[in-house]
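First residue of the sequence shown? That's 1 in this note's numbering, and the numbers climb one at a time after it.
Because the hints were derived from the structure by calculation, they are not lab data. It is possible that some hints are incorrect.
Taking lysine to aspartate or glutamate pairs in the EDC-like style, the calculated list, with each CA pair at most 16 Å apart, reads [unchecked claim]:
#1 42 <-> 80
#2 42 <-> 74
#3 42 <-> 7
Label-pair ranges, simulated between beta-carbon atoms [claimed, not checked]:
#4 25 <-> 77: 49 to 55 Å
#5 43 <-> 78: 39 to 45 Å
#6 31 <-> 74: 51 to 57 Å
#7 19 <-> 80: 32 to 38 Å
#8 80 <-> 35: 50 to 56 Å
#9 48 <-> 2: 18 to 24 Å
#10 1 <-> 23: 16 to 22 Å
Since we're looking at a predicted model, the values are computed, not measured. Idealized CB from N, CA, C, for every residue including glycine.
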Amino acid sequence: MEIDYKDASMLGGYISDRGKIEPRRRTGTCARHQRALAVAIKRARHLALLPFAPEHIYRMGDVTAINYPGTKVEPEPGAEKPEVAELKETETTEAKYGTEEAETPE
Numbered sequence: 001m002e003i004d005y006k007d008a009s010m011l012g013g014y015i016s017d018r019g020k021i022e023p024r025r026r027t028g029t030c031a032r033h034q035r036a037l038a039v040a041i042k043r044a045r046h047l048a049l050l051p052f053a054p055e056h057i058y059r060m061g062d063v064t065a066i067n068y069p070g071t072k073v074e075p076e077p078g079a080e081k082p083e084v085a086e087l088k089e090t091e092t093t094e095a096k097y098g099t100e101e102a103e104t105p106e
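Using the sequences provided together with the hints, build the complete structure.
Written as structure tokens, this is what we have:
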């Protein structure tokens with residue numbers, strides 16, 4: 001069997017569900033072929049034929065986008081607005097720490 005970096009389906013069998021290259025003791029390959037497999041998998045990842053991260057990370061759900069200054073994110077039609085918690089100040093800074101200024105040692 002020829003190890004080819006373009007054969008993503010064959011190389012996918014040597015990658016764990018966590019996205020790591022399976023060890024030699026699990027795959028049963030000799031040292032020479034294990035090195036060739038590792039090189040082929042790394043080359044396929046570099047060329048985006050195989051993912052670096054496992055698939056379950058992509059399927060975990062919605063992640064709120066970061067709103068950078070100057071960008072506007074449009075909500076999806078029919079999507080509910082998330083509730084925004086109001087911040088309430090329980091104590092003022094003066095009541096908590098006092099109004100005295102710190103003494104400077106001379």
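For each hint, the structure was consulted:
1. 42 <-> 80: violated (42 Å)
2. 42 <-> 74: violated (38 Å)
3. 42 <-> 7: Within the cut-off at roughly 13 Å; holds.
4. 25 <-> 77: 49 to 55 Å: The hinted range 49 to 55 Å holds for residue 25 and residue 77, with Cβ atoms some 53 Å apart.
5. 43 <-> 78: 39 to 45 Å: At 44 Å between Cβs, range holds.
6. 31 <-> 74: 51 to 57 Å: holds (54 Å)
7. 19 <-> 80: 32 to 38 Å: holds (34 Å)
8. 80 <-> 35: 50 to 56 Å: holds (53 Å)
9. 48 <-> 2: 18 to 24 Å: holds (22 Å)
10. 1 <-> 23: 16 to 22 Å: This hint holds: roughly 19 Å between Cβ atoms.
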